[in-house]
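S.K.: Those protein sequence lines, which keep their order, are chains A and B.
Numbering follows the working numbering, with no gaps: position 536 of the first sequence is 536.
Numbering follows the working numbering, with no gaps: position 19 of the second sequence is 19.
Hints are not guaranteed to be accurate.
Label-pair ranges, simulated between beta-carbon atoms [to be verified]: (1) B:107 <-> A:109: 48 to 56 angstroms; (2) B:107 <-> A:665: 44 to 52 angstroms; (3) A:71 <-> B:32: 23 to 31 angstroms; (4) A:721 <-> B:32: 38 to 46 angstroms; (5) A:493 <-> B:172: 41 to 49 angstroms; (6) A:264 <-> B:163: 53 to 61 angstroms; (7) A:221 <-> B:93: 24 to 32 angstroms; (8) A:26 <-> B:44: 36 to 44 angstroms; (9) B:122 <-> A:582: 52 to 60 angstroms; (10) B:162 <-> A:653: 30 to 38 angstroms.
In case anyone wonders, no lab produced these hints; they're calculated from the structure.
The beta carbon of each residue, even a glycine, is placed where N, CA and C say it ideally should be.
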Amino acid sequence: MAILTLDEKSLIEKYGPSLNYEPHGGWTEQKDCTLVKTHCCFCGVQCGIQLKVHDNKVVGFEPWEEFPVNKGMLCPKGVKRYLQNEHPDRLLSPLVRSHDGFREATWDEALNRTVDAIRRIQNQYGRDAFAMLGGASMTNEKAYLIGKFARVALRTANIDYNGRLCMVSAGAANKMAFGVDRAANPWSDIPLAKAVIISGANIGECFPILTDYIWRARDNGAKIIVIDPRMTPIARTADLFLPVRPGRDSALANGILHVMVERGWIDREFIDEHTHGFEAVKEVVAKYDPRYTEKITGVPAASIVKAAEIWGPAETSMLLHARGVEHQSKGVENVLTYINLVLATGRIGKPGSGYGTITGQGNGQGGREHGQRCNQLPGARDIENPEHRKFIADFWRVAESEIPHTGLTAVEIFDAIETGDIKGLLSISFNPLVSIPDANRTRAGLNKLEFFGVIDFFLSETARHADVVLAGSLQEEDEGTVTTGEGRCVRLNKSVTPPGNARVDWEILTDLATRLGQKEYFPYLIANDIFRELAAASKGGSADYSGMTYEKIEKNMGVFWPCPSYTHPGTPRLFEGGKFHHPDGKAKFHGFEYRPPSEDVDAEYPIFFTTGRVVSQYLSGNQTRRIGPLVDQYPEPLCEMHPLLAAKLGIADGDMVLVSTRRGEMRVPAQIVKTIRPDTVFIPYHWPGKKSANLLTKRALDPISKIPDYKVCACRVEKASL
Amino acid sequence: MNGYDFFIDPSRCIGCKACMQACMECDTHRGRSMIHLEFVDRSASTQTSPVVCMHCEDPTCARVCPADAIKQTEDGIVHSSLKPRCIGCSNCVLACPFGVPHYVAQIDQMMKCDMCFDRTSIGKKPMCATVCPSQALYFGSTEDVERMRVERPINEFKFGNQTVRTKVHLMSSPATDQLDFDVMSFMPGEDQVPDITEFVVWGG
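Put together the whole structure using the sequences plus the hints.
M.R.: Here you go:
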């Protein structure tokens, strides 16, 4: 039973989060340090960084100016990431639940308990009653291993990952439009663009390094259009700012395309030769004239026309979006309507012209390619495609019939725990109690599990509910590869070995597989064994890594997939010459009528609620809420609201406000700013418990991708009583 | 680094504080940043302003120091106060026209940015300008900055009758008429505030 046996205060005293401010050994200059070239673990840009290592301890960093993507630049998370090392909260040994919290256990005991629970639950309730959750902050090697472990060792269909909460809507839309799920262009194309649309992407805070790419585009004469309900740091000086009403993104994109069609800013030749479906889209957007679009989106008609005037006739252009349009129960529709703006101009597959979703997690791209998704096999293959199944079955040397079919997605797994269909769970690199919408339901679900096992390096809020905690590894304690938001596979070098009795994650998984009697399928001695296998497994798949080796990746400072042979240089830019990845080589338009969000404002809940990040924290905060200087920068969530709304509600800056939705409520200080729409409030989501924005959000899922609605629901705001 | 200068462009700043966080990491700073970054007025805008020492040709801080504790080296770098001389009077803090020096009570001494003397003297860029993700803090040649950017570098400032020339340049935006920061200015009209007492249909 996964109910807490120790109160929260005592758990925090023992396992944190506590704040680390200084490197191991204090602020003395360490002699004899080595510098290890690797990458930051926070966000999909994967900045190159050198970790300073002394006596098997990471004690600081040095910029890595030769790495071409960030050239030494780092955000505050990158600068301070080393403070997660030698941290007092670090799990140094496996833990098993006791009557008063946890007690330390031997690896044998912890692993055997886990395996016994898996066997018991699967024997009693069936294989799929035991689920596995992975994460997109882990290496490609681990992403591949988890997918294989779930299918071959656990033999459960219910394996999914926290990327389901991240950008799966963009991934699904990319596949529908282009036949492949990857950003179309390297980031080096951004400064060559003459028009840039940034929609729902708080680049300055979530992907800070890309800011320089946007500014360089502007230096080269580009016009920058920013679409966001909040005036984010990059929106402040944009050429055009469209403060879209939450949940109206597809209508806005339709409105811009309407003007482009009317003015003839479309590339007929490209559309005829390289695409399908334009006529149907043209019909859909016919009624989205600027006045009509203004009424839906809350963006002035004149600004919609202006956006089309900048975007339509531009010589080169890049369209970038992120969670703002993707984190919605209409995520796929939003992304596809924006892709229409790119396809209609034919400006894709060329220097300075193209499109990309900016992935948010450390391995947001690679984490979604190698089979840890419930509907996917390695090489970004489709688990329901008979040929794909056969290829992987032969490759793994198992019968095709033994590979489970499509399982439940991450949020659906929690729904199934609630209904009792799933009884056991093994989770790694995931903190669902903070990150899944409707946190009260998530907590109740964890308490229902008959067995909950966690692999983690810190005891996250979710891990507090575990029966067994397997002390795993930080990114710098293992080696491997990750694939960045631009599709560049980069090499992570091992800086130190895991401290105490903690172990490298993939060794824990292979040990579990061995104890489950499947050793022969997991014969890895080093991480490179797994990489070689995943590269071979990807051969002929959509995400083809088969021509990559560790040496080649390191020598070239990253290789873009597809890279189908050892002599192939990789593919930084997709779709050159208008060749798309659908079988007929053409791209597809998709037209969608605007429909309201799953929960719109009404008399009872009259204000839009939206969530997002701050620059100094990463995702559920399991790492960054333990780093003192980052916590000091933005210590706790604030509720941003416009002074006009605040005046109506009688709220002053700093007042405690009660924000409530149909799911829950939270008290939070108000931050009164003119940089947000007056009909909308914003709370960042990095915190747990009573400070969790996901107490308020709704578990409404996009019908295609099953991404939840983090970016729009309806709330009420009032001054909190003291 | 010969031929390289420091350029500050607050219009590019995203307020991330990577500069301050990195400045703290210098062994001699012991977790304390020698530079600062503030919101100009967060209620009105996300505009932030990074403040590093401007390294004046004729530094006011040094001129007002009664203990002669602030020294300028031949390369034009104005250093933190010398520990044996500094009396912690904060004259420099009050006199600096750019608001740069900070008095650190715990060590009873004024500390400020020395343009990463330890790094620049061995051919590296200052730490803050190396990490700055928006390159609002830029270290490079004047030719490069003039070639790559539309903003123009300025290093002469008038404060009343005092003209101050600085080693560090501030980038000045060309012909910016007005920047509006209130989201309301980008919306169709004043009727966008939700009426919390009666039902309003949002977005048809």
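S.K.: Could you run down the list of hints and mark each one as holding or not?
M.R.: Okay, the hints, checked on the actual structure:
1. B:107 <-> A:109: 48 to 56 angstroms: 51 angstroms, holds
2. B:107 <-> A:665: 44 to 52 angstroms: 46 angstroms, holds
3. A:71 <-> B:32: 23 to 31 angstroms: Holds, since residue 71 (chain A) and residue 32 (chain B) (Cβ atoms, about 27 angstroms apart) stay within the stated range.
4. A:721 <-> B:32: 38 to 46 angstroms: Hint holds: Cβ distance 41 angstroms, inside 38 to 46 angstroms.
5. A:493 <-> B:172: 41 to 49 angstroms: Since residue 493 (chain A) and residue 172 (chain B) have Cβ atoms about 43 angstroms apart, the given range 41 to 49 angstroms holds.
6. A:264 <-> B:163: 53 to 61 angstroms: With Cβ atoms ~56 angstroms apart, the hint holds.
7. A:221 <-> B:93: 24 to 32 angstroms: Hint violated: Cβ distance 43 angstroms, outside 24 to 32 angstroms.
8. A:26 <-> B:44: 36 to 44 angstroms: 41 angstroms, holds
9. B:122 <-> A:582: 52 to 60 angstroms: Cβ of residue 122 (chain B) to Cβ of residue 582 (chain A): about 55 angstroms, so the range 52 to 60 angstroms holds.
10. B:162 <-> A:653: 30 to 38 angstroms: At 36 angstroms between Cβs, range holds.
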